[in-house]
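Novice: Here is what each chain is made of, one letter per residue.
Number of protein chains: 2
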Amino acid sequence: MALVVQKYGGSSLETADRIKRVAERIVATRKAGNDVVVVCSAMGDTTDELLDLAKQVNPVPPGREMDMLLTAGERISNSLVAMAISALGAEARSFSGSQAGVITTSTHGKARIIDVTPSRVREALDKGHIVLVAGFQGVSQDTKDITTLGRGGSDTTAVALAAALNADVCEIYTDVDGVYSADPRIVPDAKKLDRVTYEEMLEMAASGAKVLMLRCVEYARRYGVPIHVRSSYSTKPGTVVSGSMEDLPVEQAMITGVAHDRSEAKVTVVGVPDTAGVAARIFRTVADTEIDIDMVLQNVSSTVSGKTDITFTLSKSNGPTAVAALEKIREELGFTQVLYDDHVGKVSLVGAGMRSHPGVTATFCEALAKVGVNIEIINTSEIRISVLIRDTQLDEAVRAIHEAFELGGDEAAVVYAGSGR
Amino acid sequence: MALVVQKYGGSSLETADRIKRVAERIVATRKAGNDVVVVCSAMGDTTDELLDLAKQVNPVPPGREMDMLLTAGERISNSLVAMAISALGAEARSFSGSQAGVITTSTHGKARIIDVTPSRVREALDKGHIVLVAGFQGVSQDTKDITTLGRGGSDTTAVALAAALNADVCEIYTDVDGVYSADPRIVPDAKKLDRVTYEEMLEMAASGAKVLMLRCVEYARRYGVPIHVRSSYSTKPGTVVSGSMEDLPVEQAMITGVAHDRSEAKVTVVGVPDTAGVAARIFRTVADTEIDIDMVLQNVSSTVSGKTDITFTLSKSNGPTAVAALEKIREELGFTQVLYDDHVGKVSLVGAGMRSHPGVTATFCEALAKVGVNIEIINTSEIRISVLIRDTQLDEAVRAIHEAFELGGDEAAVVYAGSGR
Numbered sequence: 001m002a003l004v005v006q007k008y009g010g011s012s013l014e015t016a017d018r019i020k021r022v023a024e025r026i027v028a029t030r031k032a033g034n035d036v037v038v039v040c041s042a043m044g045d046t047t048d049e050l051l052d053l054a055k056q057v058n059p060v061p062p063g064r065e066m067d068m069l070l071t072a073g074e075r076i077s078n079s080l081v082a083m084a085i086s087a088l089g090a091e092a093r094s095f096s097g098s099q100a101g102v103i104t105t106s107t108h109g110k111a112r113i114i115d116v117t118p119s120r121v122r123e124a125l126d127k128g129h130i131v132l133v134a135g136f137q138g139v140s141q142d143t144k145d146i147t148t149l150g151r152g153g154s155d156t157t158a159v160a161l162a163a164a165l166n167a168d169v170c171e172i173y174t175d176v177d178g179v180y181s182a183d184p185r186i187v188p189d190a191k192k193l194d195r196v197t198y199e200e201m202l203e204m205a206a207s208g209a210k211v212l213m214l215r216c217v218e219y220a221r222r223y224g225v226p227i228h229v230r231s232s233y234s235t236k237p238g239t240v241v242s243g244s245m246e247d248l249p250v251e252q253a254m255i256t257g258v259a260h261d262r263s264e265a266k267v268t269v270v271g272v273p274d275t276a277g278v279a280a281r282i283f284r285t286v287a288d289t290e291i292d293i294d295m296v297l298q299n300v301s302s303t304v305s306g307k308t309d310i311t312f313t314l315s316k317s318n319g320p321t322a323v324a325a326l327e328k329i330r331e332e333l334g335f336t337q338v339l340y341d342d343h344v345g346k347v348s349l350v351g352a353g354m355r356s357h358p359g360v361t362a363t364f365c366e367a368l369a370k371v372g373v374n375i376e377i378i379n380t381s382e383i384r385i386s387v388l389i390r391d392t393q394l395d396e397a398v399r400a401i402h403e404a405f406e407l408g409g410d411e412a413a414v415v416y417a418g419s420g421r
Numbered sequence: 001m002a003l004v005v006q007k008y009g010g011s012s013l014e015t016a017d018r019i020k021r022v023a024e025r026i027v028a029t030r031k032a033g034n035d036v037v038v039v040c041s042a043m044g045d046t047t048d049e050l051l052d053l054a055k056q057v058n059p060v061p062p063g064r065e066m067d068m069l070l071t072a073g074e075r076i077s078n079s080l081v082a083m084a085i086s087a088l089g090a091e092a093r094s095f096s097g098s099q100a101g102v103i104t105t106s107t108h109g110k111a112r113i114i115d116v117t118p119s120r121v122r123e124a125l126d127k128g129h130i131v132l133v134a135g136f137q138g139v140s141q142d143t144k145d146i147t148t149l150g151r152g153g154s155d156t157t158a159v160a161l162a163a164a165l166n167a168d169v170c171e172i173y174t175d176v177d178g179v180y181s182a183d184p185r186i187v188p189d190a191k192k193l194d195r196v197t198y199e200e201m202l203e204m205a206a207s208g209a210k211v212l213m214l215r216c217v218e219y220a221r222r223y224g225v226p227i228h229v230r231s232s233y234s235t236k237p238g239t240v241v242s243g244s245m246e247d248l249p250v251e252q253a254m255i256t257g258v259a260h261d262r263s264e265a266k267v268t269v270v271g272v273p274d275t276a277g278v279a280a281r282i283f284r285t286v287a288d289t290e291i292d293i294d295m296v297l298q299n300v301s302s303t304v305s306g307k308t309d310i311t312f313t314l315s316k317s318n319g320p321t322a323v324a325a326l327e328k329i330r331e332e333l334g335f336t337q338v339l340y341d342d343h344v345g346k347v348s349l350v351g352a353g354m355r356s357h358p359g360v361t362a363t364f365c366e367a368l369a370k371v372g373v374n375i376e377i378i379n380t381s382e383i384r385i386s387v388l389i390r391d392t393q394l395d396e397a398v399r400a401i402h403e404a405f406e407l408g409g410d411e412a413a414v415v416y417a418g419s420g421r
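In the order they appear, the protein sequences are chains B and Y. For the first sequence, UniProt numbering begins at 1 and goes up steadily by one. For the second sequence, UniProt numbering begins at 1 and goes up steadily by one.
Don't take every hint at face value.
It does not matter which identical chain is meant; a pair holds if it fits inside one copy or across any two.
Derived DSSO-like pairs (lysine-lysine); straight-line CA-CA distance at most 30 angstroms [stated by the list, open to error]: (1) Lys210 / Lys110; (2) Lys20 / Lys31; (3) Lys210 / Lys328; (4) Lys144 / Lys127; (5) Lys144 / Lys110; (6) Lys55 / Lys210; (7) Lys236 / Lys110; (8) Lys31 / Lys236; (9) Lys144 / Lys236; (10) Lys110 / Lys55; (11) Lys55 / Lys127; (12) Lys316 / Lys110; (13) Lys31 / Lys370; (14) Lys31 / Lys144; (15) Lys144 / Lys20; (16) Lys55 / Lys20; (17) Lys110 / Lys127; (18) Lys20 / Lys316; (19) Lys210 / Lys191; (20) Lys328 / Lys370; (21) Lys192 / Lys236.
None of these hints come from the bench; they were simulated from the model.
Based on the sequences and whatever the hints tell you, model everything.
Specialist: Written as structure tokens, this is what we have:
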């Protein structure tokens, strides 16, 4: 008998009918002889509706109260799924994050899980019950206040519970069939991957693949929890994320897939005096506003002027804050101006086999050159190449690279309505 | 500095604008130098919407999950009010029933409060914060599961917190100006009462006055918590419920008011053999279905047949269950038939002064006779007379009694839209 943790997203729980369908799948898993723990996100638009109400009463709502508000959404969906399970004749018990022992830091809105002490979950499982746990939420270790985990929080809850309960697998149900070699909406012959290592999935997620959030994969890798990403609307196997690159057989396909990201913008600080410590001051200024930067490029400084340009990318949503912070130190540091460009896109190639195969970078750049795409920044890791290009050329670039590395499958990818989230 | 507990009902919190208005009143109370604890019901129709969703996934939802579902409503309203308070520059902290230490029995859907241990509430008050507590909910002492208190639960939460915190007053905000000498929609010159004793309020509530639920008044009486019933839409004082009849000055008005009730039905068991134990069997049969009965009448038995009729009243919602249970024992007990009549109404006169004033019953019956109202059952307590009559004559009876005892005020009563709940 296996212990299976399942996580269902909000779109799988949007209506009473969909909730019933999810309940059927859960009961079938139980009847197949498994212990089942289920983590549900809030139904469809619940979170957005609550956010909207909050904004109406307070444009800058306090984080503690925001978390108290938003966590109601997962309580609702979880108890409804428990009811639907009970209508099918099985016994279910729902628990809030706090009741399930999800202990977090006290940073409201983006708390991190410190520990999971699922004694009540274990007890209910021992009684033969199906257990539901409200995702995305926990209780702060210090203040005992309700917290939320931020974006992708329900996936992380599921993986953390799977780790704490030593589950055999954590199934993440979504509206796509699994992890693809590229976004099937851009590349029609993108291939569903049967298996991906944690490292490859981390690089894919960091490069813009939306199917799994980075922190959830990080958590799974740390505790060795196998993740099975699969569709809520079919029973076909999806993609298993597990194992490390060291375990891969030598004949393993060298490239995993192509990821792309439209969420970044480019900031260029022009005319920076090329003296020690100035670049550091610039990056410290951005870091002090709690903004993460991604790619970085520093031009070779001009021997005539002794000045250089520093370019970096960040999330579009952080653009205005970063630019404002930099403008404040312009006179002090003596640079000329700050340029902001949000018409960029990032395309990445990820693959564990890349390490031992020379020529990947050359093929990558040749594929882009052939379709006339100009590279603005290039950045590599051991198993990834990323380039920043014009956003208008992003789709074409994804297709060109996917084809150059022969990543396509035999059958057309299945794309469900609503998979654009 | 006083400690004030305030309770706001769902209609006062129906929209973002109403929530803001409630927040203003709370902050004004705090600024006047009081410590403030606030209990909010769920917003407007939230509970009905959640009930509807539940029914869609399971026609007979398990009580434990129902409570997990419904308690989300109060979390939402409480956190929104906390946000609105914070927008006005004051500090607020919202707590779930469980966090506020509301400990209950484990009867889901109608749990009773066993104890209130409000250490976190006290701590927040000591820091100068306004405290919000989700009404209607608690946590079971035995199972640590989330429970709800049933109808009128938020009022009871407020009174229980006021008792545990030794508050100076528990203000119940509603959509009427206070407790009236009769329903102002029936009696236009009904008078708002400035003060009512616990005993009188208990009799009024038990007789159908909807402004306060019976159990909330019982709780207040047991712990001596003064309740101030007042309007969310004005700053005028309402009705204070406090003190016992023993404390009343002799010249106190002898009659409090007229209450009426359309929620009851009448059951008559016809041709009951008049032998020892038969009536007891009938009432035991009804009691075993967990149905409360109200008024009872046993006719003098006919000397010819040795048979009698037994009549009693109960809530209309329980009618079918009671009739079915009685039909099952008809042959065994040998009675002729069970009659069911749901076109009855109950009108009651309540007043502490009644005890020491003979002739009240006579005046009461004369008033009804004068307008041609026939009395079907009569039932009295030390401070109350109730009669069962035809429902079509109920309004007229209320007006006749109100006038006979000269209970009217000088000004017309204020009736708000929506006070029909």
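Novice: Compare the structure with each hint and give your call.
Specialist: Results of checking the hints against the structure:
Within a single copy, lysine 210 and lysine 110 get their C-alpha atoms as close as 18 angstroms, which meets the 30 angstroms cut-off; across copies the closest is 45 angstroms, which misses it. In this homomeric assembly, lysine 20 and lysine 31 come within 30 angstroms of each other (Cα to Cα) only inside a single copy, at 16 angstroms, whereas the closest approach across copies is 50 angstroms. In the homo-oligomer, the alpha carbons of lysine 210 and lysine 328 never lie at most 30 angstroms apart, since the shortest distance is 35 angstroms inside one protomer and 63 angstroms across protomers. In this homomeric assembly, lysine 144 and lysine 127 come within 30 angstroms of each other (Cα to Cα) both inside a single copy, at 28 angstroms, and across copies, at 16 angstroms.
Both within a single protomer and between protomers do lysine 144 and lysine 110 lie at most 30 angstroms apart by alpha-carbon distance, with minima of 16 angstroms and 27 angstroms respectively. In the homo-oligomer, the alpha carbons of lysine 55 and lysine 210 lie at most 30 angstroms apart inside one protomer (27 angstroms), although the nearest pairing across protomers, at 35 angstroms, exceeds that limit. For a Cα distance limit of 30 angstroms, the shortest separation of lysine 236 from lysine 110 qualifies neither inside one copy, at 34 angstroms, nor across copies, at 45 angstroms. For the identical chains of this complex, lysine 31 and lysine 236 are intra-copy neighbours only, at 18 angstroms inside a copy versus 62 angstroms across copies, given an alpha-carbon limit of 30 angstroms.
With identical chains, the CA atoms of lysine 144 and lysine 236 are never at most 30 angstroms apart, being 42 angstroms at best within one copy and 39 angstroms at best between copies. For a Cα distance limit of 30 angstroms, the shortest separation of lysine 110 from lysine 55 inside one copy, 19 angstroms, qualifies, whereas the shortest one across copies, 34 angstroms, does not. In this assembly of identical chains, the alpha carbons of lysine 55 and lysine 127 lie at most 30 angstroms apart only when taken from different copies (26 angstroms versus 43 angstroms within one copy). In this homomeric assembly, lysine 316 and lysine 110 come within 30 angstroms of each other (Cα to Cα) only inside a single copy, at 19 angstroms, whereas the closest approach across copies is 51 angstroms.
Proximity of lysine 31 and lysine 370 under a CA criterion of 30 angstroms is satisfied in neither setting, with 55 angstroms inside one chain copy and 71 angstroms between copies. Only between protomers do lysine 31 and lysine 144 lie at most 30 angstroms apart by alpha-carbon distance; the minimum there is 28 angstroms, versus 37 angstroms within a single protomer. For the homomeric pair lysine 144 and lysine 20, the shortest alpha-carbon distance between copies (27 angstroms) is at most 30 angstroms, but the shortest distance inside one copy (34 angstroms) is not. Proximity of lysine 55 to lysine 20 under the C-alpha cut-off of 30 angstroms is restricted to the inter-copy arrangement: shortest distance 12 angstroms between copies versus 32 angstroms within a copy.
In this assembly of identical chains, the alpha carbons of lysine 110 and lysine 127 lie at most 30 angstroms apart only when taken from different copies (25 angstroms versus 34 angstroms within one copy). When the C-alpha separation of lysine 20 and lysine 316 is checked against a cutoff of 30 angstroms, the pair qualifies neither within a copy, at 39 angstroms, nor between copies, at 33 angstroms. Taking the shortest Cα distances, lysine 210 and lysine 191 sit within 30 angstroms of each other inside one copy (16 angstroms), while across copies they are farther apart (65 angstroms). Taking CA atoms no more than 30 angstroms apart as the test, lysine 328 paired with lysine 370 passes in neither setting, with 42 angstroms inside one copy and 88 angstroms between copies.
For the homomeric pair lysine 192 and lysine 236, the shortest alpha-carbon distance inside one copy (11 angstroms) is at most 30 angstroms, but the shortest distance between copies (69 angstroms) is not.
Hints 3, 7, 9, 13, 18 and 20 from the list above are not met by this structure, while the remaining hints are.
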